[in-house]
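Asker: Each chain, letter by letter, is given below.
4 protein chains.
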Amino acid sequence: MISKGKLKRAKLLISCPEKPGIISSVTNFLLEHKANIVHFDQHTTDPQAGMFFMRIEFDLEEFDSSFEKLEQDLHVMARDYALDWQLGSKEKRKRMAIFVSKADHCLSELIWRWKSKEIPVDIPMVISNHSDLKELVEGNGIPFYHIPMSKETKEDAEQKALELLKGNIDFIVLARYMQILSPKFISKFPNQIINIHHSFLPAFVGANPYVRAFNRGVKLIGATAHYVTNDLDEGPIIEQDVQRINHRYTAEDLKTAGRHVERRVLAEAVSWHVEDKVLVHGNKTIVFT
Amino acid sequence: MISKGKLKRAKLLISCPEKPGIISSVTNFLLEHKANIVHFDQHTTDPQAGMFFMRIEFDLEEFDSSFEKLEQDLHVMARDYALDWQLGSKEKRKRMAIFVSKADHCLSELIWRWKSKEIPVDIPMVISNHSDLKELVEGNGIPFYHIPMSKETKEDAEQKALELLKGNIDFIVLARYMQILSPKFISKFPNQIINIHHSFLPAFVGANPYVRAFNRGVKLIGATAHYVTNDLDEGPIIEQDVQRINHRYTAEDLKTAGRHVERRVLAEAVSWHVEDKVLVHGNKTIVFT
Amino acid sequence: MISKGKLKRAKLLISCPEKPGIISSVTNFLLEHKANIVHFDQHTTDPQAGMFFMRIEFDLEEFDSSFEKLEQDLHVMARDYALDWQLGSKEKRKRMAIFVSKADHCLSELIWRWKSKEIPVDIPMVISNHSDLKELVEGNGIPFYHIPMSKETKEDAEQKALELLKGNIDFIVLARYMQILSPKFISKFPNQIINIHHSFLPAFVGANPYVRAFNRGVKLIGATAHYVTNDLDEGPIIEQDVQRINHRYTAEDLKTAGRHVERRVLAEAVSWHVEDKVLVHGNKTIVFT
Amino acid sequence: MISKGKLKRAKLLISCPEKPGIISSVTNFLLEHKANIVHFDQHTTDPQAGMFFMRIEFDLEEFDSSFEKLEQDLHVMARDYALDWQLGSKEKRKRMAIFVSKADHCLSELIWRWKSKEIPVDIPMVISNHSDLKELVEGNGIPFYHIPMSKETKEDAEQKALELLKGNIDFIVLARYMQILSPKFISKFPNQIINIHHSFLPAFVGANPYVRAFNRGVKLIGATAHYVTNDLDEGPIIEQDVQRINHRYTAEDLKTAGRHVERRVLAEAVSWHVEDKVLVHGNKTIVFT
Chain A
1 MISKGKLKRA KLLISCPEKP GIISSVTNFL LEHKANIVHF DQHTTDPQAG
51 MFFMRIEFDL EEFDSSFEKL EQDLHVMARD YALDWQLGSK EKRKRMAIFV
101 SKADHCLSEL IWRWKSKEIP VDIPMVISNH SDLKELVEGN GIPFYHIPMS
151 KETKEDAEQK ALELLKGNID FIVLARYMQI LSPKFISKFP NQIINIHHSF
201 LPAFVGANPY VRAFNRGVKL IGATAHYVTN DLDEGPIIEQ DVQRINHRYT
251 AEDLKTAGRH VERRVLAEAV SWHVEDKVLV HGNKTIVFT
Chain B
1 MISKGKLKRA KLLISCPEKP GIISSVTNFL LEHKANIVHF DQHTTDPQAG
51 MFFMRIEFDL EEFDSSFEKL EQDLHVMARD YALDWQLGSK EKRKRMAIFV
101 SKADHCLSEL IWRWKSKEIP VDIPMVISNH SDLKELVEGN GIPFYHIPMS
151 KETKEDAEQK ALELLKGNID FIVLARYMQI LSPKFISKFP NQIINIHHSF
201 LPAFVGANPY VRAFNRGVKL IGATAHYVTN DLDEGPIIEQ DVQRINHRYT
251 AEDLKTAGRH VERRVLAEAV SWHVEDKVLV HGNKTIVFT
Chain C
1 MISKGKLKRA KLLISCPEKP GIISSVTNFL LEHKANIVHF DQHTTDPQAG
51 MFFMRIEFDL EEFDSSFEKL EQDLHVMARD YALDWQLGSK EKRKRMAIFV
101 SKADHCLSEL IWRWKSKEIP VDIPMVISNH SDLKELVEGN GIPFYHIPMS
151 KETKEDAEQK ALELLKGNID FIVLARYMQI LSPKFISKFP NQIINIHHSF
201 LPAFVGANPY VRAFNRGVKL IGATAHYVTN DLDEGPIIEQ DVQRINHRYT
251 AEDLKTAGRH VERRVLAEAV SWHVEDKVLV HGNKTIVFT
Chain D
1 MISKGKLKRA KLLISCPEKP GIISSVTNFL LEHKANIVHF DQHTTDPQAG
51 MFFMRIEFDL EEFDSSFEKL EQDLHVMARD YALDWQLGSK EKRKRMAIFV
101 SKADHCLSEL IWRWKSKEIP VDIPMVISNH SDLKELVEGN GIPFYHIPMS
151 KETKEDAEQK ALELLKGNID FIVLARYMQI LSPKFISKFP NQIINIHHSF
201 LPAFVGANPY VRAFNRGVKL IGATAHYVTN DLDEGPIIEQ DVQRINHRYT
251 AEDLKTAGRH VERRVLAEAV SWHVEDKVLV HGNKTIVFT
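Same order as they appear, the protein sequences are chains A, B, C and D. Under UniProt numbering, think of the first position of the first sequence as 1, with each following residue one higher. Under UniProt numbering, think of the first position of the second sequence as 1, with each following residue one higher. Under UniProt numbering, think of the first position of the third sequence as 1, with each following residue one higher. Under UniProt numbering, think of the first position of the fourth sequence as 1, with each following residue one higher.
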């Protein structure tokens with residue numbers, strides 16, 4: 001047995017149509033690759049004809065070579081079993097681009113969790129349609145790109161962003177980015193763009209939701225983090241939470257409370273994405289926490 | 001000073017247009033009536049030209065006569081100050097009618113809190129459009145009335161219910177009553193009918209909300225208790241809460257979790273109504289908890 | 001493929017010292033027994049030399065014979081791999097004895113969840129050191145045994161209880177049972193007695209905890225459900241929760257709030273125990289929810 | 001009536017022995033000082049012979065002169081009625097000193113809420129027994145003082161801190177300050193030092209609480225913010241909250257979760273203190289949220 005210190009942790013996510021023996025096959029496969037399984041989560045929508053989801057955390061000896069070998073062999077196995085898979089590791093840090101507008105609460109939270117090493121990620125760039133947050137971003141040593149955007153310039157602006165992103169990032173977080181991305185842009189990052197937005201019970205769709213929630217006297221306000229699809233705010237939900245309020249809260253206080261839920265919910269969702277805990281199936285997620 | 005044992009607790013709720021000196025006037029008024037104030041909560045939407053809400057809990061000496069005198073004098077004061085007011089006391093227990101259909105979770109919770117004296121209320125009757133819960137209700141010593149209801153018989157059925165209710169009850173709780181009451185019926189009980197319904201982030205308006213919430217992979221399910229107005233499920237919200245769920249929950253499990261939130265939220269709302277903690281203004285509530 | 005209707009669900013819990021290949025061995029074993037795995041959860045305290053915990057939910061064809069065969073073969077496998085295991089199924093309902101004293105809130109909650117089929121369990125008996133709850137229990141068709149207990153009669157009383165329980169039950173729930181069971185009694189039901197008690201932040205050990213929590217002005221009160229060991233209230237924790245309170249709550253209101261947390265937490269813990277979701281290791285639990 | 005724009009908000013906190021007519025007296029007093037009451041909260045421990053607590057939020061015309069006059073007249077009234085009182089206003093920002101050691105999570109949260117104007121406070125200085133956080137503090141334009149502290153140098157170090165604080169601050173926040181302040185130091189700031197510490201159900205008093213909580217398998221971890229008294233961690237509780245964890249959390253993950261609860265709870269407590277929402281009576285608080 002080699003010394004524990006040399007072991008490094010990796011994570012494998014798998015989705016595929018349900019098929020008898022799939023767990024055995026995968027665990028045997030990992031066993032052959034000298035993986036010591038630490039966590040194993042599995043979920044089936046229907047054991048007869050459903051979809052099968054699996055998340056495995058495991059330690060690898062001689063990480064660099066064994067990770068590479070595993071990756072190669074997974075390509076073969078995936079073909080045979082019609083698997084969708086994703087292999088991650090803290091040793092291969094994900095690269096996260098953050099899109100912001102003017103509000104800094106979600107950005108600050110992400111930066112704090114990054115600096116405190118709670119979210120093990122690289123942040124190669126922050127892109128904004130305003131320049132308000134330039135100082136905050138650059139003060140933390142992160143490159144900041146100001147790409148103004150209007151209806152007329154949208155296509156060009158997105159093109160410019162794409163050029164910056166290309167090959168440099170693994171996923172995007174919209175940390176209160178107040179522009180709607182085009183289907184063309186979104187299609188380049190399937191299940192790789194995370195958004196946060198306020199949520200209420202009941203929903204207040206449309207303009208001024210906080211004022212309307214205030215006028216209705218809601219007792220809870222919430223936030224939802226989700227992957228971005230072409231249906232605005234309707235993509236697969238990653239995380240949600242709420243905060244209790246009362247009649248003494250002004251509409252402004254509701255927004256403040258909303259900010260706190262938003263930054264907490266977004267940070268959790270990003271953290272789970274980074275740790276390869278989220279699988280997407282159709283319009284829903286399986287989150288193995 | 002008389003012995004503490006003879007004191008009895010009463011509660012006064014007041015709403016009125018904001019006017020300088022209103023707090024002094026009311027507290028002086030209570031002082032003259034020998035009320036010892038225990039809790040005092042007040043809220044103003046706008047101190048210049050808003051609405052003013054007040055809840056006072058106080059102990060009265062020689063309760064029977066002083067309560068009556070207070071009630072009489074409040075009529076006079078209300079006219080002078082354009083007050084809406086409501087005077088309550090545990091000594092004058094509210095009478096609650098419960099409307100149910102087939103589901104027993106909300107009904108059972110209310111009966112349990114009534115029997116355990118947590119909600120100090122009388123239950124003169126339970127009315128149902130089905131007979132399924134007759135045994136449960138009567139087994140607890142509460143009169144049960146089966147009034148079938150269909151589109152055709154609705155008017156007659158409501159008339160029958162009104163006759164049973166008339167003079168016998170102070171408010172109504174719809175404890176999963178699966179019929180829509182007519183505007184005519186509702187108008188007879190303004191802010192005196194409490195309903196409970198499921199709530200989600202986002203909302204799933206229409207049929208099969210639990211199945212759709214399941215398909216969307218929501219992470220929280222909730223419930224809202226509100227006063228009934230003619231806008232279905234859109235009346236002033238009294239209380240809301242949520243429960244966390246995960247991908248392992250089936251659509252059926254979601255319903256089970258929903259039942260637990262519903263009974264908890266409804267029982268809280270009823271409890272606050274009974275203890276005169278809820279003021280309604282327009283389409284929102286002020287709840288002094 | 002046989003029709004889905006004939007499938008029946010079973011659950012296997014396994015604990016053992018960590019050993020490479022154990023997941024493969026178990027899943028292969030289940031595959032050979034024609035089990036369709038639905039959920040699979042696994043946890044390792046340390047992949048090199050730790051303990052290994054596994055929970056598998058699976059569907060079996062021709063349930064009666066295959067369940068029996070599986071059980072037999074597990075005995076053999078357990079010997080080879082030094083496994084602790086437990087095999088359960090809704091088809092083999094667990095039998096739960098409830099011990100109560102005078103408070104009915106936990107008992108009522110358990111009875112309600114049993115009657116509403118949320119907790120699929122049989123309740124062969126309720127045992128109490130008082131007769132207060134006899135009517136409630138028998139009114140629900142459950143046998144009630146009154147076994148008075150004092151310091152002097154404790155040994156006899158426990159003996160009497162043991163005779164009633166012997167062979168008739170699978171686990172015991174202390175639903176606010178205000179007697180301390182002897183080590184001798186407890187030793188007969190290792191990790192098979194569930195208790196509920198109040199919990200605070202900070203703890204108020206000793207007499208009158210609610211009064212002391214009130215005097216300290218705590219903002220949360222909680223409850224803990226745990227397996228009973230000889231260390232009073234110190235056994236492995238199954239579930240905990242809290243409820244927010246404020247300065248308007250009297251010491252009596254704190255107790256009321258405490259009752260609500262207690263019944264919710266106990267019911268969850270019992271539900272997880274019944275569904276074979278709880279593994280015990282030393283003085284802690286692994287709960288696969 | 002003067003224009004609304006000129007109004008400025010103030011808050012009055014009052015504690016005194018219960019006495020009939022006190023509410024009338026105070027509201028009449030405010031009426032005479034042209035105060036428009038916006039919120040009024042009152043609480044009595046016992047209307048016959050208890051303590052009386054009151055919080056009033058009101059708008060003042062011609063703020064500067066009327067606030068001063070009010071303050072003067074309150075001194076007189078306080079003598080007559082044996083009142084403890086406190087008068088605050090956003091116009092008279094409180095000055096907060098922060099004490100830290102090496103952990104930055106609570107400090108960062110306070111700085112963020114200060115910069116985002118959520119907590120309307122001045123921060124004249126941060127004092128630390130280490131120099132690790134110097135850059136973070138100064139980078140935000142706040143003076144940083146490094147005062148090393150050991151058992152031997154404690155008296156001198158505290159003296160040095162006192163000199164820095166004297167006349168420059170209104171209250172102190174211990175944002176994970178890992179030194180125990182002397183009774184002498186504490187006595188200079190009664191109910192003016194706020195501390196945060198982890199809390200568990202049950203408590204794990206002594207060393208390594210997170211490891212012990214992990215070993216016990218707790219399901220919730222919490223935090224308590226309280227005023228500092230000579231009884232270590234036993235002062236009046238301002239706010240508490242918890243976060244749910246599960247068996248997959250390592251002892252290290254528990255600490256991370258603990259940090260999140262700590263910063264949330266501390267920030268709420270500080271916010272309430274700044275907004276004059278907290279009254280202390282003996283060893284408990286009344287928080288009018």
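Please note: incorrect hints may appear among the correct ones.
Per the computed footprint, the stretches of chain B lying under chain A, defined by three or more beta-carbons under 8 Å from a beta-carbon of chain A, are [claimed, not checked]:
#	region
1	200–212
2	246–255
Computed cross-link-like contacts, DSS-like style, restricted to lysine-lysine with a CA-CA straight-line distance of at most 30 Å [unchecked claim]:
#	chain 1	residue 1	chain 2	residue 2
3	B	K134	C	K11
4	D	K92	B	K19
5	A	K255	D	K188
6	D	K284	A	K102
7	D	K160	A	K255
8	B	K117	D	K284
9	D	K6	A	K134
10	D	K11	A	K255
11	C	K115	A	K19
12	A	K284	B	K255
13	B	K8	D	K117
14	B	K102	C	K151
15	B	K102	C	K69
16	C	K92	A	K154
17	C	K115	C	K94
18	C	K11	B	K255
In short, the hints are calculated from the structure, not lab data. Ideal Cβ placement from N, Cα and C applies to all residues, glycine included.
Asker: Now, for every hint given, state plainly whether the structure supports it.
Answerer: Against the structure, the hints come out as follows:
no.: 1; hint: 200–212; verdict: holds (count 4)
no.: 2; hint: 246–255; verdict: holds (count 3)
no.: 3; hint: K134/B <-> K11/C; verdict: violated (38 Å)
no.: 4; hint: K92/D <-> K19/B; verdict: holds (28 Å)
no.: 5; hint: K255/A <-> K188/D; verdict: violated (38 Å)
no.: 6; hint: K284/D <-> K102/A; verdict: violated (41 Å)
no.: 7; hint: K160/D <-> K255/A; verdict: violated (42 Å)
no.: 8; hint: K117/B <-> K284/D; verdict: holds (29 Å)
no.: 9; hint: K6/D <-> K134/A; verdict: violated (36 Å)
no.: 10; hint: K11/D <-> K255/A; verdict: holds (23 Å)
no.: 11; hint: K115/C <-> K19/A; verdict: violated (37 Å)
no.: 12; hint: K284/A <-> K255/B; verdict: holds (18 Å)
no.: 13; hint: K8/B <-> K117/D; verdict: violated (46 Å)
no.: 14; hint: K102/B <-> K151/C; verdict: violated (48 Å)
no.: 15; hint: K102/B <-> K69/C; verdict: violated (42 Å)
no.: 16; hint: K92/C <-> K154/A; verdict: violated (63 Å)
no.: 17; hint: K115/C <-> K94/C; verdict: holds (15 Å)
no.: 18; hint: K11/C <-> K255/B; verdict: holds (23 Å)
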